[in-house]
Amino acid sequence: MSAGPTDAHLLERAPFLLRDWLTHALPEPLRWFANTLIAIAAILAIFGTLFALLTLVERKVLGRVQNRPGPNRTGWFGILQPVADGIKMLTKEDIVPRAADPLLHFLAPVALLGFSVLTFAVIPYGRDLVAVRLDAGVLYFFAAGSATELSIFMAGWSSNNKYALVAAMRALAQLISYELPLLLSAVPVVLAAGTLSAPDIVESQGGFTWGFVPHWHVFTPWGAAAFLVFFISALSESNRSPFDLPEAESELIAGHLTEYSGFKYALFFMAEYFGMCSLCGMAVTLFLGGWQAPLAALEFIPSYAWFALKLCALLLVFIWIRATLPRLRMDQLTRFAWKFLVPLALVNLAASAFWSLSFGWAGPMQALRWAIGIALAVGPFVLLGRRLGAGIGPRTYRYA
Amino acid sequence: MNALQLCLAFSSLLFAVGLAGALARSNAIIVLLGLELMLNAANINFIAFWRFSPSSAPATGVIFVLFSIAVAAAEAAVGMALVIAIYRHQKTIRLPDATDLKG
Amino acid sequence: MNPASHLWVIPALPLLAAALGALTPRGGRRLAAGAAIAAMAGALIASCFALHAALAAPAAHLTCNFEWFRLGGGAVRLGWLLDPLNGLMCVMVSLVSLLIFIFSLGYMDEDENFTRFFCFLALFAAAMLGVVVSNSLLLLFVSWELVGLSSYLLIGFWFHKPSAAAAAKKAFIVTRIGDLGFFIGLVWLYDSTGSLLLYDGGRGILEAHALAGLAAPALAGGLAASTAIGLLIFCGAAGKSGQFPLHVWLPDAMEGPTPVSALIHAATMVAAGVFLMARVFPLMAADQALASAPLHALTVVAGIGAVTALMGAAIAVAQDDLKKVLAFSTVSQLGYMMLAVGVGSWVAAIFHLLTHAFFKALLFLGAGSVIHATHHEQDIRRLGGLGGRMRVTFATFAVGMMALAGVPFVFSGFWSKESILHAAMEWEVSRLPLWAGLAGVVLTAYYMTRLTFEVFAGRPRSHAAEQARESPAVITVPLLVLAAGAILLGFLGTPAWPWLQSQLTGAAVPSGPLIESPVLTAVSVILVALGLGAGWYLYGRRPRSDAGAADPVAAAFPAVFAFLAARMKLDELYALTVGRLSSALSWLADFLDRRVWDGAIRLLARLGELAGLMNGEADRDGLNAGFDAVSEGFRRAGRAYSRAQSGDAQGYLRALAVGFVVLVVLVLMGCSR
Amino acid sequence: MSAALAIVALATLGSAAAAMLGRSLLRSIFMLAVSWAGVAAFYMWAGAQFVAFAQVLIYLGAISMVALFAVLLTRQSRDEASPPPAALRRAILAVVAAAGVAAVLLWAVAHSPLAVSGSLAPATSVRQLGFDLMGRHAAALLVVGVLLTIALLGAVVLAADGAQERPGDEP
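Protein chains in written order, with the numbering used here: chain A, 240 to 639; chain B, -15 to 87; chain C, 440 to 1112; chain D, 45 to 215.
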C-alpha cells in the first residue's frame, strides 16, 4: 500500500492521513503490518455496514415497487431493522442435520465468505486506495471468485438433502456457464488497457474528449456491449434474480440454504451481498472509470466518493432488476449463457481488437471507426437475439 | 539442503502421493485426480527451477507451467468425459472392472 | 500515391460479401443479396477509379508487389497490377456481374437456397476480379482455381438434379485437365526465370529481360522454352474458355441457373482464358522472332481458335435447347477471340471480349427472362409467339441477336468482328483462319435468326408459352442497360476512332478510314445478309405450327442435322476413345492378372503342393514331434505374457513406476562402478 | 522464507494424502481442492503470481467442478463400500511402488549439486509474460489453443448421450 497522493488536496488524502496518524508511532517493519491490518479492517467495516444497509434498502425498494411500505417499525424508517435481524440470527439455534457431513457443513459458509472477502483486495476504491497492488489483479479477482463455486457446492452436498443437492448441481452449472462470459467480457478491457492491474485499468480511463466525455470504456461501442454482458453475468454469478435458480424458494425451498439456520445462514447471506458488491466494484473499475470523476470540473470531490456513488448506483440497479424480472427456467438459463452471451462476448473481443487496431484513424476515418464499431457491437446482438427467441414462444397452460 | 532442494523434495513427495493414489484407488475419478496431482508436482519443479535459476533467464519456466496447466485442463475434461462414457456402458467406474481390453 | 496499392479492394469487396453470405442463415435473403449487390456496386465504383487511374498513363504498368512468405533463400512475391487492360476488364466484369446480380434477385426469387446462391455468386465475382487484378501468375492461378471451384458450386447449384451434379463434375474435371497444363507451365516458368510476377520493374516475366532468356531455342528441334510454356499456359486458357478439345463441359454447364450461365458464359469464366492469353501475350509472342522454330505458340492458338469458331457455330445450328444454342454460340465466339490472339491481334480479341460480354450477357439474361416467364421451358420447339407477350424482352433480345450476328454499322458485334477478320486477313502464315471465320459469320447469322424466330415468332406451341407474361422490372432493367451497352460499346473501337486500341496498347493508333478493307467488309456483310436471309427463309416465313413438327433442315438433311444435334458426336468420341482406352487397359490388366499371372501362380502352387505332399509324409512321423513341443512352449509363453496384458490400467501404471525405479537404480549402479 | 515453504508444503501434502486415503469421494475432491490451493500458495511463495492465479482459476474453478460433475453424473456421491481384500493388496503394492519412486527421487534431489542463485525472485511482469506468449511462444500458444478446442469437442462427444443411437438398449 503506497503513501497516497501527495499533491492532492486534503479530502483526497484523508484516508491516508488517518492511517498514518494511527500508525506513525510504530517502528518501520511493524508499520507495514499495521497498515495492512487497517486496510483489511476498513474494508470489512465499510462493506459490513454496506451489507447491513443494503438488506434494508433492498427491502424498502422492493416494498415500494410492490406498493407497500417495507420495514418501518424499528427505528426511523426501519433504520434499525438490520440490527434487529442480526440479533435474531445470532440468537437462533444452529441446527446441523444428523445425516449431514458436519465438517463440510460448517466449512461451506466460512469458505464462501472467505473467498468473497478475498475479492475485495484488488479493487481500487480511490486514487491509490487499493489494498493490494497486484500485477495480475483482474486475474486474481476472477480466480478468487471462481473458488466460491466450490463452497456453494460444498454447502449443497454436505447438507445431505435432495433439494440442496439439486440446487448445488444447478448452481454449479449456472456458475460455470456464466463464469465464461464474465471473463470474456473483461478480456476486451484488458486488451484495451494493456494491463491486468486494476488500478492501471482505472488510470487508463482518465481524461476527456472535448472536455466533457470521459474516456470510460463503457462509452465505446465494444465497451458498452461488454458492460452489458458483464453485468448480466454478474447478476447470474451472484445468484441474483432473474438468475436465482439455485435458491429458488418456490421450487427448491431455499436450495443449498435449506439446511442452514442461525448464524451460518447469515454468513451465506452476507457472502452473497459481498459477492454482489465486489462484482459491482469490478464492473465500475473495468467499465465505468473506477474512481474517475465524470466531469473535469467535478474532480474536487474525492475519488473514493465517486467510486462509492457508482457502486451504489449499480447495486440499486441490481435491486431494481430483482423487483422487475421473473425467474428464468433452467434450460433458458443455460441457453442464454451458451448461445447468446458467450458468442456475443467472443465477437465483442474481435470488436475491441478492431477498436485497438484502428486507434490512429482520424477525421472521416474516425466516423467510419465508430460506424464499424457500433455495427460490430449491435449486429451480433440483433442477430443472436433473434436466434435466441426462436422456438421458445409463449407457453400455453392446459390446466391453468 | 538449500531452498531449491526443499522445493524439489516437496514436489517429489507430492508426486509420490499422487502416484500412490492413482495406483491404490479403484475409483476412476480419484485415479484421474491423482494424475492431476502428479502433473502439479511436475509444475512445481518448473517453477522451482525458474525461481532459483542462476541466469535471469526469460520466463520460460512460467510459460511452460501455463501450457502444462492448459494441457492438464484438457486432460481432465477428456478424462472425466471418458469416465462418464464408461459409466454409461458398464454402470460402474471401478477401474479393476474396466478390463475389456485385456489380452 | 500508387493507385495499384489499393487495387485489392476490388476483389476484397465481393469476397467480404461472400463471407457474409456464408455466415447468414437461410432466412437472411435480403441481407445476403443486399451485401452482394452493394459489394458489386462498390467494386464497380472502385473499378471505375482504377480505370481512370490506368488511363492516365496507358503505357505504364502500375504495380504493387509485396512479399508473401520467405522459403529458404527465396521469397515468394505477389502483387497487384493496373493497366488499361485490367481496368477495362474490371469495369466490364463488375458491371456485368452487378447487372446479373440484380437480375438474379428476380430470377431466383422462389429458390429456397437464395442466400447460398448469392454467396456463391459473390465468391465467383471475387475470384474473377482476383484473376484480373493480380500481378503474379501464382496469385492469378489461385484465383483461377477459385473461379473453377465457384463455377463448380454454381453449375451444380441444383445438385439434386443428377444432370446438374454430373455437369458440375464434368466442368470441374475438364477444366482441371487444362489447369494441370497451366500449372506445369507455371512451375517450368518459375524454374527458368525465378519469378512469377508479370511486371516487376524490369525483372518480371513479361519484361524484355526474362523474355529474351525464354525465347532462345533451348529445346529439342529448335523450339523455344517460351513456346512450350506458352502452349502449357494455353492449355489452361483452353480449358476455361472452352476451346476445341476441352469445350465439352461448356454446353453441359447450362444445367446451372440461367444467371450463372450468363455470368460464366458472358462476363467471367470463359473470358478468363482469353484475358489470360492477352495478359501473357508478350510471352506467347516471344518466339515469333525465332524464324527457325518449327512451331510458334500463336500458330497453335490460331488453329485451335479457328477450329473452335467453326465447330461451335456449326453445332449451334442444330440445337433445340434455347440455352444450348447460346452455349455453342459462346464456344464459337470464344474461338474467334482465340483466333484473334493467335493471329497476333490481342487488342481485337479484347475488343470482341468486351462487346461479347455485353451482348452475350444480354442474350442469356433475355433467355433467362423467357425461361422465367414460361416456368422453365427451354425447348425452342415448344416456345413461340412470345414477341407480342414479352415486348421488352423481345426487343432487347433482338438487339443482342443482331449484335451477335454482326449486323453492320449500328451494333457493337459488327465492329469487333470486323477487327478480328481484318487481323486474320493480314496474318501471313495461313489463310485458313480467315476462311473459317467467314464461314462462322454466315452460320452465326443463320442460327441466331433461327433461334429468334423459333422463340418469338408464330403462335405459342405449349401451355407455358401461352401463359407467358412480361418479366418484372428487376429483370427487364438489366436487359435494357445491357442492350444499350451492346449497341454503344462498338463505337469505342471503330477504325475511324481507335480509342480502345490506343489505350490498350499504350501507344496512339492512327485513326484510319471507317472501313479498313472494303472488300472484306463487303464480303462479311453479304455473308451476314445471307445468313439472316436463310434463317428467315427457313424459319421466319412460315413459323413452325406445332411442337412436334420436323425442323425444315432436319427434313432436308437428316443425317447432317442429327450429327450436329449430337454435338458432332464429340462426347461419344471421347467416350469411345478415352473411355474405351481406359476400359481396354483395365481389361488387359484384368486378363494378365487372371490368366497369365494367376496361371503361373497356380502352377507354382501345384508344384508346391506336390512337394508338400512328399514332405508331409516325411514330416508327419519324423519332424513333427519336435516342432509340436516347441510351438507348445511358444503358446504357453504367449498365454503367460497375455496375462500381463490384464487391461488393468493401474497395473500398467504400477509397472511403469517399478520400472522407473529399477531403471534409475540400474543407471546409478552403472555410474558408481 | 523456508518456514513459509514448509507450512505450505505440509498443508499441500497433508491434504493430498488425506484426499488419496479418504473413503468419501466428495471429501477427497474437496481435500484435493485444498491441496491445489496449496500448490497455488507455493507459486505465490516462489513469486509466480500469474501462475498462481491461473492455478486457482483452472484447478479450483474448473477441474474440481468437472470432477464434482463426474461424481454426480456417475451417482457415486455416497461413500464407497469397504474395500475388498483385493483392493487391500493393490493398496499395499501401490504404496510400495510410490515409496520406491519417492525414495529414488529424493535420493536424486539430495545428491545433485544444484546451484542456487540470489534470493530474489526473477522479476517477470505480466506484461512481459504476455509479450513472450504472443512472441516467442506464439506457435505453442496456438497449438495449445487447438488442443483445448479439440479436447473440449472430444469431451462433449464422449460425454454426450448416445442413447438415441441404440434405441432398444434401455430396458
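Derived from the structure by calculation, the hints contain no laboratory data. The model shown is predicted, which means the values in this text are computed figures rather than measured ones. Some hints could be false.
Derived CB-CB ranges, DEER-like [claimed, not checked]: (1) C:477 <-> A:250: 50 to 60 Å; (2) A:551 <-> B:55: 50 to 60 Å; (3) A:446 <-> B:-14: 35 to 45 Å; (4) C:550 <-> A:551: 20 to 30 Å; (5) C:509 <-> A:446: 50 to 60 Å; (6) D:156 <-> A:337: 53 to 63 Å.
We treat Cβ as the ideally placed atom computed from N, Cα and C, and that holds for glycine.
We went through each hint and held it up to the structure:
Between residue 477 (chain C) and residue 250 (chain A) the CB atoms are about 57 Å apart, so this pair conforms to the stated range of 50 to 60 Å. Our hint of 50 to 60 Å for residue 551 (chain A) and residue 55 (chain B) is violated, since their Cβ atoms are close to 44 Å apart. As the Cβ distance of residue 446 (chain A) to residue -14 (chain B) is approximately 50 Å, the hint placing it in 35 to 45 Å is violated. Checking the proposed 20 to 30 Å range against residue 550 (chain C) and residue 551 (chain A) shows it is violated: the Cβ atoms sit about 58 Å from each other.
Look at residue 509 (chain C) against residue 446 (chain A): about 42 Å separates their beta carbons, and that is not inside 50 to 60 Å. A C-beta distance of roughly 54 Å is found between residue 156 (chain D) and residue 337 (chain A), which places it inside the suggested range of 53 to 63 Å.
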